[in-house]
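Mind assembling these two chains? They're in different frames, but the hints should get you there.
Respectively, the protein sequence lines represent chains A and B.
In terms of this note's numbering, the first sequence opens at residue 39 and continues consecutively.
In terms of this note's numbering, the second sequence opens at residue 111 and continues consecutively.
Everything labelled a hint here was simulated from the structure, so no lab data went into it.
We treat Cβ as the ideally placed atom computed from N, Cα and C, and that holds for glycine.
There is no bait here: all hints are sound.
The list that follows gives simulated cross-link-like pairs (lysine-lysine, DSBU-like), each with its CA atoms no further than 35 Å apart:
# : chain 1 : residue 1 : chain 2 : residue 2
1 : B       : Lys215    : B       : Lys121
2 : A       : Lys142    : B       : Lys215
3 : A       : Lys142    : B       : Lys188
4 : A       : Lys90     : B       : Lys215
5 : B       : Lys215    : A       : Lys94
6 : A       : Lys115    : A       : Lys98
7 : A       : Lys106    : B       : Lys154
8 : A       : Lys142    : B       : Lys181
9 : B       : Lys125    : B       : Lys154
Sample of chain A residues with no beta-carbon within 12 Å of chain B, all distances over it, derived:
#  : residue
10 : Thr58
11 : Asn60
12 : Thr64
13 : Lys98
14 : Thr103
15 : Arg105
16 : Lys106
17 : Thr108
18 : Glu114
19 : Ser147
20 : Val148
21 : Ser150
Only part of the chain B face toward chain A is listed, based on derived beta-carbon distances under 7 Å:
#  : residue
22 : Tyr143
23 : Gln151
24 : Gly152
25 : Pro153
26 : Leu155
27 : Gln158
28 : Lys215
29 : Phe218
30 : Gly219
31 : Ser220
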Amino acid sequence: GNSVTQMEGPVTLSEEAFLTINCTYTATGYPSLFWYVQYPGEGLQLLLKATKADDKGSNKGFEATYRKETTSFHLEKGSVQVSDSAVYFCASRGQAGTALIFGKGTTLSVSS
Amino acid sequence: EAGVAQSPRYKIIEKRQSVAFWCNPISGHATLYWYQQILGQGPKLLIQFQNNGVVDDSQLPKDRFSAERLKGVDSTLKIQPAKLEDSAVYLCASSLAGGGGTNEKLFFGSGTQLSVL
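Extracted from the complex, chain B is given alone in its bound form (with noise of 0.2 Å):
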């Protein structure tokens, strides 16, 4: 089966400016998670969406931070205006359905690596 897509893979933009990412997820995972991987650092959860509503999203920066799931399929990542600190390894996962057992396998795409300038 296809596997979670994420584009771009790599970017590079100035600080200041605005990026937006890419996800498709699994055919049919109800379930979408936006993790933010800085260097040396494990994955933080940025915002969960189950179908086309946001489950979690305490930890997203809504300052510059944005993300939308319109359709309950794939989904969009933007920041505007970005900051250095903004660098890190942006991960799109899916699962099955969120609401299910605390066993729900994630299925992780390879990312995408941003550097601000």
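Next comes chain A alone, as it looks inside the complex (with noise of 0.2 Å):
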């Protein structure tokens, strides 16, 4: 079936730094792929999705490239916040109508 594996954390980072959170899936077919966030004491968010081979989903600075022949969707962003501190979590979502599969999640802590 399908899975998605992501890099363990905790990551810990200073205000600025680059970050990369790594995700790979397994799946039969192409599967839409997906990072939510889950802010301390919030509810989880998508921040975004790619639904095909290539695309890249951007928000916040954030960006995920969908590729099929690494099997990967990794999470970068050219220099973090403070305010991005938070778990994330890398998902898919294979055929129409079912749900998603989720990742461990990542904490990201960054400090000033």
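Right, dumping it as structure tokens:
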């Protein structure tokens, strides 16, 4: 079945550092891929998504590119802020109408 | 617009007791999901409803967990009897229509944090 694997955390960075959180997927067919973010005390929110190979999702300075050849969807940001401190979840969704499959989450902590 | 509402926010019970969680999805959303998020792990789907029908409950431990969405709007998830390993955050999510494209956006509630002692 479908699954998502993302890098273990926590990731600790200084403000303005470059961020990469790795995510790889296994799936039958071509899933849609997502990054969700969970800020402290809040619910999960969609950060960005990509629905087909070579698509790039972007939002709030974050980017991720759907790479079919490496089955990856790594999250990147060129300059992180303290306010980016949160837990980030990579997720996939296969056939129409099926539920999201989540990775275990990566905690990001950014200090000033 | 109002988001997905869940209650209670926190619940502490002893093992073998019963507990129920409530979810009110965004108005007009046909699809409702219950996820279980154990500390340090990603959310795991328990059950998916399309209106008042069950689409996927393959990962729901049916010997102790039950869920219903009788009128196709709000939903309750029950655990009876609870075990220590049920300690988790229970998330409810909704989307406009589950049968649409694979990029259908899910909206999540803040969750109910359950501690089983």
